[in-house]
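2 protein chains.
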Amino acid sequence: MDTIVIIGYIAGTLTTISFIPQVVRAWKLKETRDLSLAMLILFAAGILLWTCYGFWTESLPIIAANVITFILILVLLGLKIRYK
Amino acid sequence: MDTIVIIGYIAGTLTTISFIPQVVRAWKLKETRDLSLAMLILFAAGILLWTCYGFWTESLPIIAANVITFILILVLLGLKIRYK
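So the protein lines, in turn, are chains P and R. For the first sequence, the working numbering gives the first residue as 600, with consecutive numbering after it. For the second sequence, the working numbering gives the first residue as 600, with consecutive numbering after it.
Keep in mind the hints are simulated off the structure, nothing from the lab. Keep in mind that this is a model prediction, so the values were computed, not measured. Treat the hints with care, as some may be off.
No copy labels: a pair is met if it fits in one copy or bridges any two.
Said to hold, decoys possible - Simulated crosslink set (DSS-like; lysine-lysine; CA at most 25 Å straight-line): (1) LYS627 to LYS679; (2) LYS629 to LYS679; (3) LYS627 to LYS683; (4) LYS629 to LYS683.
Isolated chain P, as found in the complex (with noise of 0.2 Å):
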């Protein structure tokens, strides 16, 4: 596999998995008063785009790490919905 590739991978992993300690937080905390819905929104939205960007240029770790990341943040929405 390419470096570039790898480092890809390493950079999607970290971007990615960020995610998990902040919906772990916000779900024992059942408070998400500090985080910005509008950040959230704005991020899901991008984070669709980065995927079509993915797939049109076909770059696996693009992919595989935005579709993860938006599941993460659509979490992270309904936590923010929920405890507001």
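Chain P is already provided as a structure; the job is to place chain R on it using the hints.
Quick look at chain R alone, frame taken from chain P:
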């Protein structure tokens, strides 16, 4: 300009500017309790690698988006450390 480059720029603009309302919120509330420090650190590390990926693949949307995002995440990290 290719359609896909435009989509990449819109995607990058959305995921990048999404952190502006988050910075504003942390700044105004002077509270970052609900923000996960682990999220910010992992995300910053990932964004640095995405920037490398962008340079290597000569993808200007990826470079531009990630450099600005990195700066905004550093500001958020600063606010997180200041307002625990």
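Against the structure, the hints:
1. Within a single copy, LYS627 and LYS679 get their C-alpha atoms as close as 13 Å, and across copies as close as 18 Å, so both meet the 25 Å cut-off.
2. Both within a single protomer and between protomers do LYS629 and LYS679 lie at most 25 Å apart by alpha-carbon distance, with minima of 9 Å and 19 Å respectively.
3. In the homo-oligomer, the alpha carbons of LYS627 and LYS683 lie at most 25 Å apart both inside one protomer (14 Å) and across protomers (17 Å), since each shortest distance falls under that limit.
4. For the homomeric pair LYS629 and LYS683, the shortest alpha-carbon distances inside one copy (9 Å) and between copies (17 Å) are both at most 25 Å.
The structure meets every hint from the earlier list without exception.
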